[in-house]
Structures are given as C-alpha cells and as structure tokens.
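Listed here are the chains, written in short residue letters.
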Amino acid sequence: MAFPHRPDAPELPDFSMLKRLARDQLIYLLEQQHEVDKLYKVENKPALSSNEQLCFLVRPRIKNMRYVASLVNADKLAGRTRKYKVIFSPQKFHACEMVLEEEGVFGDVSCDEWAFSLLPLDVDLLSMELPEFFRDYFLEGDQRWINTVAQALHLLSTLYGPFPNCYGIGRCSKMSYELWRKLEEEEDGETKGRRPEIGHIFLLDRDVDFVTALCSQVVYEGLVDDTFRIKCGSVDFGPEVTSSDRSLKVLLNAEDKVFSEIRNEHFSNVFGFLSQKARNLQAQYDRRRGMDIKQMKNFVSQELKGLKQEHRLLSVHIGACESIMKKKTKQDFQELIKTEHALLEGFNIRESTSYIEEHIDRQVSPIESLRLMCLLSITENGLIPKDYRSLKTQYLQSYGPEHLLTFSNLRRAGLLTEQAPGDTLTAVESKVSKLVTDKAAGKITDAFSSLAKKSNFRALSKKLNLIPRVDGEYDLKVPRDMAYVFSGAYVPLSCRLIEQVLERRSWQGLDEVVRLLNCGELAFTDMTKEDKASSESLRLILVVFLGGCTFSEISALRFLGREKGYRFIFLTTAVTNSARLMEAMSEVKA
Amino acid sequence: MDCYTANWNPLGDSAFYRKYELYSMDWDLKEELRDCLVAAAPYGGPIALLRNPWRKEKAASVRPVLEIYSASGLPLASLLWKSGPVVSLGWSAEEELLCVQEDGVVLVYGLHGDFRRHFSMGNEVLQNRVLDARIFHTEFGSGVAILTGAHRFTLSANVGDLKLRRMPEVPGLQSAPSCWTALCQDRVAHILLAVGPDLYLLDHAACSAVTPPGLAPGVSSFLQMAVSFTYRHLALFTDTGYIWMGTASLKEKLCEFNCNIRAPPKQMVWCSRPRSKERAVVVAWERRLMVVGDAPESIQFVLDEDSYLVPELDGVRIFSRSTHEFLHEVPVASEEIFKIASMAPGALLLEAQKEYEKESQKADEYLREIQELGQLTQAVQQCIEAAGHEHRPDMQKSLLRAASFGKCFLDRFPPDSFVRMCQDLRVLNAIRDYHIGIPLTYSQYKQLTIQVLLDRLVLRRLYPLAIQICEYLRLPEVQGVSRILAHWACYKVQQKDVSDEDVARAINQKLGDTPGVSYSDIAARAYGCGRTELAIKLLEYEPRSGEQVPLLLKMKRSKLALSKAIESGDTDLVFTVLLHLKNELNRGDFFMTLRNQPMALSLYRQFCKHQELETLKDLYNQDDNHQELGSFHVRASYAAEERIEGRVAALQTAADAFYKAKNEFAAKATEDQMRLLRLQRRLEDELGGRFVDLSLHDTVTTLVLGGHSKRAEQLARDFRIPDKRLWWLKLTALADLEDWEELEKFSKSKKSPIGYLPFVEICMKQHNKYEAKKYASRVGPEQKVKALLLVGCVS
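If you read the sequences in order, they're chains A and B. Numbering of the first sequence is given in the UniProt record's numbering, commencing with residue 1 and proceeding in unit increments. Numbering of the second sequence is given in the UniProt record's numbering, commencing with residue 1 and proceeding in unit increments.
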C-alpha cells in the first residue's frame with residue numbers, strides 16, 4: 001500500500017556528511033578550545049554550575065545576549081570571576097556584540113561561531129532550524145538570514161557539486177540566489193569541474209503560497225505535527241498515546257519502518273493499514289508454534305528482534321492514531337474541514353464567515369480562529385470591510401485587546417487584509433509600489449510591499465487547476481494527484497508551481513501565473529549549459545522553502561516524485577504548519 | 001679557458017680566493033668617497049652617500065646632498081640635506097635608509113629619497129649628542145646602536161618596533177672607546193667595545209670584561225674590530241699589527257696573523273661563506289687590501305683608489321669611484337671543476353663535453369672514465385652547482401651544457417635541479433644587469449628568497465621585470481603577478497600629475513579582474529595620498545561591495561557606504577555602517593537617511609525594538625507613522641506600564657495616534673479597551689477577584705460564574721456584545737456551574753439566536769443526558785437528527 005519508489009528513481013546523496021562536518025567542528029570548538037565537559041540549557045535563570053568557565057551555545061538573538069549579559073553581571077556583583085565563551089550558531093551578528101557592549105560585558109566574553117546551518121532531519125529533508133526566519137523576514141523585513149541561506153547553499157554546492165538548473169520565485173529567493181552566486185564567484189574554482197549530483201534547485205518564498213500552509217493537514221505526518229508538534233524530527237508522545245504514565249520520545253524518519261510506510265498516507269487509510277500490519281505481525285509471531293528447536297533458535301536470533309522492534313513501533317503509531325482519532329473525528333473537525341474546503345473552492349462564503357464567527361464567539365482556540373480568518377482573507381482577496389471589522393471586533397472581545405497588534409502584523413504580512421474598494425490603489429499602496437520600482441528597491445523587501453499585493457487565489461486556482469474536478473468519490477487509497485494530501489479537495493499551490501516549472505524547465509508560459517503571484521520580476525530561471533550532468537542527477541531536485549514548509553507539501557512532492565520518477569530533496573528554514581505561522585504573527589503578553 | 005684560474009689566489013693549502021668585477025661604475029662622483037658618509041645595503045643593495053661637511057672645521061655654508069645609487073652606480077635619488085648634522089647612515093633590512101643625526105633623531109628615507117618617518121633615540125641621547133652610531137641587522141629587523149657623548153650606549157634591536165635600551169655604564173670609561181661594535185647572540189643584542197687593552201661586553205644588565213683566548217701579549221689597544229655577517233666570528237686588529245680571529249663568543253680562537261702594519265686600517269670585514277673552508281678577514285688601508293686567514297701568507301691587493309667594503313653573506317663587495325668588485329672564497333664545486341689538473345667528476349664531464357663539441361672521440365674516453373667510477377650523477381650535480389656560482393653567463397652556459405650532456409647518459413636523473421638552476425640563473429642574470437643593478441650571488445639569492453627579491457624589485461619600481469619573473473617562474477597569481485600589480489597601482493595613484501580618471505582607467509586596464517587584487521587596498525592608498533575622488537572611482541571596480549564599505553566610512557562617505565553595504569547583502573555590514581552613521585549625523589539626518597533605505601530601516605527598527613524603545617518611538621514620529629506609533633503605545637500599555645492610570649494614558653496616546661492614522665477601527669477598539677480597563681478596576685474594587693487584563697468575553701463569563709448576572713447583562717449592553725455571543729457565553733458558563741435551573745430559565749428568556757442544538761451539545765459535554773434531552777426536543781427540524789444522535793436516542 002505504501003507506494004514504492006519507481007525502480008529507476010535516482011539515489012539520494014548522502015547527507016550524513018553534513019552531520020559529521022558539523023559534529024567535528026563543534027567537538028573541536030568545545031573540547032580543543034574550551035574543554036567543555038557539561039552542557040546546560042540556556043534558560044532565563046541563574047546558572048548553577050560552579051565551573052570556572054561558562055560556555056554558551058546560542059542562536060544569535062538579542063534576547064540570548066541579554067541573558068548572557070545578566071549572568072555575567074550577576075557574577076560580577078557576587079565578586080566571581082569566570083571565563084565566558086559564547087558560541088553563535090550558525091553565525092555571529094554584529095547587533096549581538098553591540099548588546100554585549102552596551103551591557104558592559106563585551107570585554108569579559110569571548111565569541112566564536114559554529115557554522116552549523118543544515119540539519120539533516122531525514123534522508124531527504126534538511127532543515128536550517130530557523131523558525132524565526134519567517135517572522136524576521138516576512139513580518140519585520142529583516143534580511144539577516146539571507147546571508148545564512150546563501151552560505152548554506154554554498155556549502156551544498158561545494159559538497160554535492162554545482163546545480164545545473166536553478167529556478168526560483170519570490171524576493172527572498174531571488175536575493176538569496178544572487179548572494180549565493182556572488183559567494184560562488186568569489187571562491188571561484190572550487191566547484192568548477194565537479195559533476196553535479198543534484199540536477200535542479202528550486203527556491204520558493206513562503207509568501208508565494210500562504211494558503212497551503214494555512215490548511216489543516218490530513219496526511220499522517222502532517223497530522224502528527226499538527227497534533228503533537230514534531231520538533232527536530234522527533235515527537236513527544238504523551239501518556240494518552242503511550243497508554244502508560246510516561247511520555248515517549250520517538251524519532252520520526254525513514255529509519256522507522258512502520259512510520260515510513262504511513263507518513264505520506266491520507267489519515268483515513270492509516271488505521272486500516274496499521275491493523276493489517278498488526279495482523280501480519282501476529283502471523284509472524286505465530287509461526288514459531290510448530291517450530292523445532294533449530295528453527296526456533298534461528299527465529300529468536302534473527303527475526304525476533306526485528307519483530308519486537310516492529311511491534312513496539314506499531315503500538316506507538318496505533319496509540320498516536322487513536323489519540324488523533326479521538327481529537328479529530330469529532331464533528332467539529334469534520335465541520336472545520338468542510339469549511340476549509342468551502343473556502344478553497346470559494347462557495348458558501350457567507351456560511352463560512354458565520355462559522356468562523358461562531359468559532360470566535362465560542363473561544364474555541366485563538367490560533368485556529370486566526371487561521372480561519374486568514375484563510376478566508378487570502379482566498380477571497382481580503383475580507384469585505386464589514387466582515388473585516390466585525391470579525392476583528394469579535395476576536396478582540398474573545399481573546400483580548402493585545403491582538404490589535406496581531407491584526408496589524410497580519411495586515412502587514414498580507415495574511416489578513418481588507419478588500420480595497422475597487423481596484424484603485426490607496427495612497428499608501430501607491431507610495432509603496434513606487435518604492436518597489438525604485439532602483440535601490442530591487443533589493444528591498446519592505447514589509448509594506450505586501451500591502452500592495454493581492455493574493456489572487458481564485459484566479460490562480462483556476463489557472464493552475466488547483467481544485468480537481470471530482471467525478472464521484474475521490475479514492476484516497478489510490479491517489480490520482482497531489483490533491484490527496486488535502487482529501488482530494490486542493491492541490492497545494494506551491495507544489496503545483498514546482499511541477500509546472502519542472503515540466504517546462506523554466507517559467508516560460510507561466511507569465512500570467514507569475515503576474516498573479518505579484519512576482520513579476522521575481523521569478524527566475526538560470527541554466528548552465530552543463531552536459532556533465534548525468535540523467536540520474538537531472539531527476540534529483542532540491543526544493544528550498546524560505547520561511548518554512550509543511551509536511552503536507554513534502555508528502556505531495558514525494559507523491560509527484562513517484563509519479564514522474566523524480567526524487568525531491570527538501571531544504572527548509574524550518575518545518576512549519578498553520579499554528580506555527582499564526583503564532584509567529586501573534587502578539588502575546590509577556 | 002687556460003687562464004680561467006688566473007684570478008684565483010690560494011689562501012693556505014685548501015682555499016682559493018678570487019676577485020672579479022661586477023660593474024664598472026660610471027657614477028659621476030663629485031666627492032671623494034673618503035669625504036662622504038657611505039652606506040651600502042647588503043644583498044646587492046643600494047649605496048647611499050652623504051658628503052660630510054660636519055667633519056671638517058669649516059662652517060657648513062653649503063648644504064650637503066644625499067645621493068642614493070644602485071649597486072651599479074645608477075642614480076636613484078638625490079636630495080638636499082636640510083636637517084641637522086648626520087653622524088651615521090645605514091640601511092635597514094627593508095632597504096630603508098636610516099640617517100642618525102647628532103641629536104639622536106633618526107630619519108628614515110625610502111630607496112627613492114622619499115621621506116618616510118622619523119623617530120628619536122631618547123632624551124639622554126639628545127642631551128649628550130651622538131658620538132657614533134651603528135646600524136645592524138638582527139632576526140627581528142634592523143637595529144640602531146648609539147654611542148653618546150657621555151660614552152654611554154643606547155640601542156634598539158628593532159626600529160620597526162622601537163624599544164630603547166640604555167646599556168649599563170662601563171666603569172672608568174673616560175674617553176670614547178677605540179673601537180666598538182654591536183653583535184647579536186642568542187637573539188639578544190650586545191655591545192662589544194675596546195678601551196685601551198681591555199674588552200668589555202655590554203648586555204642589558206651588566207658590563208663584563210672579556211679577554212680573547214690566546215691573544216698575543218703586548219697589546220695596548222685595539223684599533224679595529226669586525227663581526228662576521230652571521231655574528232658568529234670576531235676579528236680584532238691590535239696596535240701591534242696583530243689580527244686575532246675567533247668566535248664571537250670569545251671562547252675560541254681560530255687563528256692569528258701578524259701583518260706588521262701598525263697603521264689603523266680603514267675597514268676590516270669578514271669574508272666567509274656558509275661552510276667556508278678557510279675563513280678570512282679582509283683588511284683595507286688607504287692603498288692596500290689584505291685577505292688574511294689561517295695561513296702564513298696573506299693575499300694582497302693594491303687599491304688604486306679610495307674603496308669601500310661591503311660584507312655579504314658569502315663574500316665582500318668592494319666598490320670605488322670606478323669599479324665594483326666581488327671578493328669571495330671559490331665555492332667547492334667550482335674549485336673541484338676548475339682547479340688545475342683536477343680529476344673531479346665534474347671537471348671530467350666539462351672536458352668530455354668540450355671534446356664532444358669538437359667531435360673528438362676523447363669525449364667518449366672521459367665519459368667512460370667517469371662512468372667507470374660510477375660518478376656521473378655526481379658530475380652532473382657538480383656542474384649544475386658550479387654554474388650557479390659563476391658570474392659570467394658564458395661560463396654558466398658551458399657548465400650547464402656539460403650537465404645537460406652528462407644527463408643524457410643517466411637513466412633516472414631527476415630533472416628539477418637542472419631546470420631550477422636554469423631558471424634561477426636567468427632570474428639572477430636579469431637582475432644583475434647594469435640597469436637593474438642587484439648583484440646577488442646564487443647563495444644570497446637563495447637566502448633572500450624569491451618573494452623578498454620581488455619585493456625589492458617592487459621597491460625599485462621595476463614592476464615589468466618583477467611581473468616577467470613571476471610569469472617566468474609561474475608563481476601563483478596571488479603571490480606573484482597580482483601582488484605586484486597591486487603595488488604598481490598603489491604607486492600609480494601617487495602620481496599627482498595624472499588626472500583621477502586617467503589613473504583609475506589605467507589601473508583598471510592593467511588589473512582588470514585579476515584574482516587576488518584588492519581594489520579597496522589601492523583605493524585606501526589613494527585616499528592616503530589625499531585623492532578621495534580617485535579612491536571612490538577605484539572602489540567602483542571592487543567587485544565585493546563589502547570590501548568597499550570600511551574605506552568609504554573612513555572617507556566619510558557614509559551614505560554611499562550604506563548603499564554599498566546594503567548591496568552586499570551582509571546585514572552585519574549594514575549594521576556597522578548604521579552605528580557609524582548614528583554617531584556621525586545628528587538624529588534628524590540619521591533618520592532621514594534611514595527613511596531612504598528601507599532595508600537598513602527595518603534592521604535598525606529590529607534592534608531598537610529590543611534595545612532602544614525610545615529611539616523606536618522617535619523613528620515612527622519622524623516618519624509620521626501613526627499606525628506603528630499607535631501599536632507601539634498599545635504594546636507599552638501592557639508591557640511597560642504597571643498602574644492602571646499609566647496604562648489608560650498609554651492607550652489614550654495610542655488611540656490619538658490611530659485617529660491620526662485614520663484607523664478608526666483601531667482607535668475605537670483602543671478606546672473600548674480603556675473603558676474596559678477602568679471598569680475592570682472598578683469591578684475588582686467592588687467585587688474582589690481578578691478582572692484586569694481579562695478579555696471582554698472572559699470578564700462577562702467571570703461575572704456570570706460569580707453570579708453577578710445583572711452586572712454581566714449591563715456590561716454586555718455597554719459593550720454591545722452581540723446576542724449570539726452572549727448566548728454562547730451564558731450557555732457555557734451556566735453549564736460549567738451546572739446551574740441547570742438557571743440555564744432552563746435562560747433558554748426560555750427568549751428565542752435562542754443560536755438555536756437549541758448548542759444546548760444539547762453543551763449538556764452532553766457535561767454528561768447531563770437528562771438536561772440534554774429537554775433541549776433536544778426544541779431543536780429545529782433540520783438539526784433534529786443530529787441532536788437526537790447526540791443524546792443517543794438512535795431510535
């Protein structure tokens with residue numbers, strides 16, 4: 001039932017090299033230089049260690065710097081002298097040093113960098129683990145991470161050869177791509193003459209497709225992420241899953257034989273599959289009856305361990321399934337999905353709006369309510385002014401006035417907007433669009449530029465045929481297209497774009513789509529006339545999601561790969577989902 | 001060839017010394033050498049002359065001229081000496097001319113007479129004047145040692161990193177020592193001086209008397225002393241005409257020689273080489289030159305004219321008005337080959353090759369002879385080595401030809417040594433050329449390294465030759481051609497008579513985008529020469545915009561720097577420029593600059609959000625960004641303010657800002673929140689419990705849960721809570737209270753705006769089937785089935 005890869009599917013490059021590189025560097029930093037023996041988690045409390053030197057391994061955030069500074073200052077007050085070392089990962093920012101300086105501890109602290117930017121979460125998934133990328137770039141217009149992205153791409157091309165075909169869409173993609181190219185030029189010669197291992201690279205900004213990221217996920221891996229939150233490729237299953245009083249940390253990747261078969265499945269299939277699997281397992285166990293001693297010995301030494309392992313995994317996933325079923329098969333969830341589908345297809349808008357209103361009134365969940373509002377706004381090119389006001393009022397009444405700022409954020413990011421009366425640009429928008437056409441503005445993403453954009457989802461949906469016409473029931477067991485990741489209701493826009501571009505080997509013929517995406521100047525194709533690329537490598541595609549990607553998108557593309565004989569590799573700034581996106585935009589009281 | 005060894009002079013049994021001409025000098029000297037202060041740099045370096053008018057009694061009415069020549073006598077610079085009296089001249093290891101003035105100030109000049117810098121040797125020296133000075137070379141660089149009028153010594157071991165050391169006093173020293181020298185042992189500089197019959201060694205701490213072992217008796221004074229190039233050996237010339245030679249540590253005597261001349265020599269220097277067979281000292285008097293070693297006989301030369309000796313690593317250079325000669329011990333390989341009647345393999349090979357050219361069968365005989373002894377490899381090596389030591393190209397060629405001939409009969413002779421020697425000789429011949437005038441020997445060249453040699457060519461502005469050498473030797477571009485081009489460009493920008501455009505274009509034409517050339521370095525040089533415009537033009541060629549920024553900042557082109565930093569995509573760089581700008585500009589201008597650079601603005605805003613909230617507010621104010629200003633105050637109302645009054649005030653400011661931003665909705669919402677806050681405060685006062693910071697919904701719920709229905713109703717009316725919400729709210733709250741009676745009353749208060757299905761649902765959530773059933777009956781027909789299913793009445 002889990003689809004095997006086509007026999008001609010290319011082999012994936014070995015990404016464990018990245019891990020080894022990073023590990024060696026860290027060991028070097030810690031042991032050789034500073035003789036670290038114990039690690040503590042950075043929390044906002046005094047360090048209990050009595051060591052003579054403290055070493056902090058942190059992300060370059062101002063908050064962290066403040067924490068380090070307060071620790072150092074506390075030590076100073078207490079008359080303690082220690083050595084302090086801050087190791088920034090993946091890189092050091094000047095602003096961080098500024099903070100240390102302003103807090104008067106710059107002289108006491110020495111700094112280092114650990115250039116670890118790519119964590120292989122799975123055989124085909126690399127994560128930069130930078131969840132803040134989304135807010136920093138798409139809300140605050142802060143471009144600091146672009147350099148990090150370019151460095152990461154540079155690292156990949158030094159390790160795995162140059163990429164003969166490059167495509168991208170979105171301002172951030174374009175900037176990262178250009179910066180990356182510049183890096184390559186500066187260190188000319190390193191990648192020259194290397195055989196490309198990966199034939200294509202596709203860069204995509206998250207704001208090109210917010211819709212997909214905002215939908216409820218129904219593919220197993222996505223659902224697990226939505227329900228239990230997968231962190232760094234592992235998940236904490238609580239007592240309700242393990243049916244014991246302890247929670248269990250489980251690594252979710254291709255190593256897990258059970259999981260790898262169900263991760264890309266629509267949830268409705270998973271339970272059936274698991275019970276079938278359980279029966280098979282039982283049958284295998286049962287074989288030992290009627291074995292003679294020798295056979296039994298064989299069985300115990302060779303198969304039993306595997307079976308036990310499988311057994312354990314199976315029970316974990318069955319537990320997770322049950323827990324999800326309990327939560328999701330309730331009527332609310334069905335209705336929620338129904339509303340989402342209605343929004344995607346664009347009918348019964350009134351009904352959906354009042355559903356959302358009720359959702360808010362009942363204080364179901366601040367994040368969920370927000371997500372539905374955003375989905376409504378994007379699919380409808382903004383809310384009509386009346387709804388815009390009333391929904392916001394209701395929301396503030398339900399969840400507190402600080403969300404006034406959340407709305408301001410969402411508006412800035414273009415996630416929740418008001419329909420402009422007619423098509424005329426408002427004063428702000430014309431000012432912004434002037435900025436955008438400015439020469440210097442070729443490099444900017446002022447957050448305001450998103451104001452000028454309309455999502456045009458409906459038109460895009462028609463153009464790219466995102467809502468499959470269904471004759472009769474969509475068979476989720478034998479999916480026909482990528483829409484299966486949303487129960488056959490919607491083909492993820494991001495994945496469709498990638499499919500189309502790969503088919504054409506460029507953006508040619510997609511001009512209208514690009515225009516509708518407000519990416520007039522920001523879609524690019526770059527092909528090097530490289531005939532060294534093997535046909536195998538040309539079927540390997542690295543997809544880079546700037547601002548995060550969801551497991552549904554990963555599943556959809558894995559499906560596409562199987563259909564077309566490609567293998568996709570995913571590089572994302574972080575794995576995300578609707579809740580994470582909304583949380584990034586929310587203002588909460590500290 | 002028979003007379004090839006004619007200029008060889010044997011010294012003792014084992015060694016030969018030879019003297020050959022390097023150049024015939026046609027430097028039109030106006031003065032006699034003896035009237036001048038002379039300094040010649042080692043390693044075939046330049047010669048500086050300064051006519052010394054201060055030595056004579058007559059008043060210095062005419063200003064002397066400082067002249068600098070190449071070793072071949074080509075004038076490099078000539079300038080009028082305008083400073084004070086000079087006591088001593090000397091060259092540093094970087095070929096900078098150090099001129100020690102009487103007042104202890106040392107002036108530093110470049111090879112082309114360009115003034116570099118000056119430094120003083122200290123107050124003590126200034127007061128007591130400089131009596132004598134020496135410039136010496138150490139591992140660290142070049143040092144200066146000074147003998148003051150008070151007969152004290154002051155020295156600095158490295159003029160690049162000036163640390164003055166005053167040496168301890170020599171007890172009982174009343175007059176100037178008869179001779180003295182600086183010497184380096186164990187990386188420490190010492191002074192050795194002779195006073196009458198006594199020798200003293202001065203180090204930082206102490207002055208100790210020393211005696212050379214085995215010194216002949218009867219010495220009442222030392223007239224001259226000489227330390228070898230490597231500071232390993234020392235020679236002393238006594239008033240008895242004795243020359244004592246030994247190690248510089250004064251622990252061992254090598255030999256002594258009585259020359260029977262009591263007149264003090266003009267100069268005495270060591271002439272030896274690494275692995276010398278017979279070390280010798282060269283002593284020069286007015287008309288006589290004597291080479292003295294461990295042999296009963298010395299070698300004597302007659303000096304036709306006033307000469308000057310320059311000690312080198314492997315010999316002595318001797319120049320005079322008309323010639324420039326080199327005196328050295330004949331290297332082993334040359335000696336073996338050319339010694340009369342030598343049967344060394346190299347000599348035979350050379351012979352064989354000559355016969356071969358004459359097409360004589362003797363060639364074969366010689367070759368056989370070598371081969372029978374199995375010495376062909378050695379022979380080839382000898383010829384190659386000897387070629388290196390020959391000054392004349394024809395001799396080099398004939399030796400190399402012999403080597404090449406011999407190589408043919410060898411199976412596996414690695415070619416590199418031959419090839420390298422050919423290359424090295426080409427380089428050496430090129431730089432020895434009269435026009436270049438760097439007479440390096442092969443050993444000196446190897447000691448100096450090609451890198452330093454290139455530096456020296458660059459220093460002489462011989463860029464084309466340097467580049468040719470790089471290309472010929474195929475040096476990596478970054479070390480070779482690029483570096484030289486960069487130097488050339490740095491020199492080019494100093495040509496003030498050429499316009500900025502022309503210079504920039506010329507530089508770009510030559511350099512193009514040669515890897516490893518940093519346009520920003522060249523621009524920095526241009527800026528250093530005061531050519532800011534040129535610097536900016538050059539920066540335009542710099543491909544890495546990041547590299548342009550620091551210089552632009554230095555040139556106070558901060559705004560340009562900002563846009564370059566933004567172009568580079570490096571946020572750190574942008575940030576650096578921002579901080580710079582912030583300090584440089586007044587606040588208003590700074591904000592204006594930010595306004596035109598959205599990327600920088602958002603970066604700075606991010607920083608302010610965490611670190612400088614007040615600045616953030618000012619930023620918004622400056623921009624008339626009332627929307628953000630409103631948001632700012634809203635945030636402040638719960639993040640920064642504690643008291644209700646403060647919070648309400650913050651909200652009021654926010655509301656005003658929102659009005660200005662024409663955001664009626666936000667303004668109204670903010671005003672509502674002010675109202676709610678006040679009210680919540682009142683509720684807390686009157687009813688107790690916590691209300692502040694609850695949302696409106698939660699406030700009403702809390703009231704209902706607390707049984708204050710009236711209050712709740714009032715609040716709902718005041719804040720115009722829609723009916724639907726109120727119904728949901730009450731329904732949930734009452735069910736939570738399990739106040740079924742009140743719930744029923746409520747359900748009957750009027751027709752439910754949310755229908756009755758929610759009632760069923762909520763009751764079932766509380767597991768109250770009984771109550772649920774009551775409402776199920778009231779559910780409208782279209783939802784009835786759902787309701788019944790919920791209650792569990794499948795039938």
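Mixed in with the good hints there might be a few duds.
As the list claims (entries may be wrong) - If you want a taste of the chain A side facing chain B, the calculated C-beta under 10 Å gives, among others:
| no. | residue |
| --- | --- |
| 1 | Gly104 |
| 2 | Asp108 |
| 3 | Gly141 |
| 4 | Ala150 |
| 5 | Glu184 |
| 6 | Glu358 |
| 7 | Gln363 |
| 8 | Gln508 |
| 9 | Asp511 |
| 10 | Glu512 |
| 11 | Arg515 |
| 12 | Leu516 |
| 13 | Arg562 |
| 14 | Arg580 |
| 15 | Glu583 |
What the hints assert, rightly or not - A short list of chain B residues far from chain A (calculated; beta carbon distances all over 12 Å):
| no. | residue |
| --- | --- |
| 16 | Asp203 |
| 17 | Thr247 |
| 18 | Leu313 |
| 19 | His389 |
| 20 | His610 |
| 21 | His767 |
It is worth saying that the hints were derived from the structure and are not from the lab. C-beta atoms are modelled at their ideal positions from N, C-alpha and C, and glycine is treated no differently.
Outcome of the hint check:
{"no.": "1", "hint": "Gly104", "result": "violated (14 Å)"}
{"no.": "2", "hint": "Asp108", "result": "violated (19 Å)"}
{"no.": "3", "hint": "Gly141", "result": "holds (4 Å)"}
{"no.": "4", "hint": "Ala150", "result": "holds (7 Å)"}
{"no.": "5", "hint": "Glu184", "result": "violated (13 Å)"}
{"no.": "6", "hint": "Glu358", "result": "holds (7 Å)"}
{"no.": "7", "hint": "Gln363", "result": "holds (6 Å)"}
{"no.": "8", "hint": "Gln508", "result": "violated (28 Å)"}
{"no.": "9", "hint": "Asp511", "result": "violated (28 Å)"}
{"no.": "10", "hint": "Glu512", "result": "violated (29 Å)"}
{"no.": "11", "hint": "Arg515", "result": "violated (23 Å)"}
{"no.": "12", "hint": "Leu516", "result": "violated (25 Å)"}
{"no.": "13", "hint": "Arg562", "result": "violated (37 Å)"}
{"no.": "14", "hint": "Arg580", "result": "violated (20 Å)"}
{"no.": "15", "hint": "Glu583", "result": "violated (17 Å)"}
{"no.": "16", "hint": "Asp203", "result": "holds (38 Å)"}
{"no.": "17", "hint": "Thr247", "result": "holds (45 Å)"}
{"no.": "18", "hint": "Leu313", "result": "holds (40 Å)"}
{"no.": "19", "hint": "His389", "result": "holds (41 Å)"}
{"no.": "20", "hint": "His610", "result": "violated (4 Å)"}
{"no.": "21", "hint": "His767", "result": "holds (16 Å)"}
Comparing the model with each earlier hint shows violations of hints 1, 2, 5, 8, 9, 10, 11, 12, 13, 14, 15 and 20; every other hint is respected.
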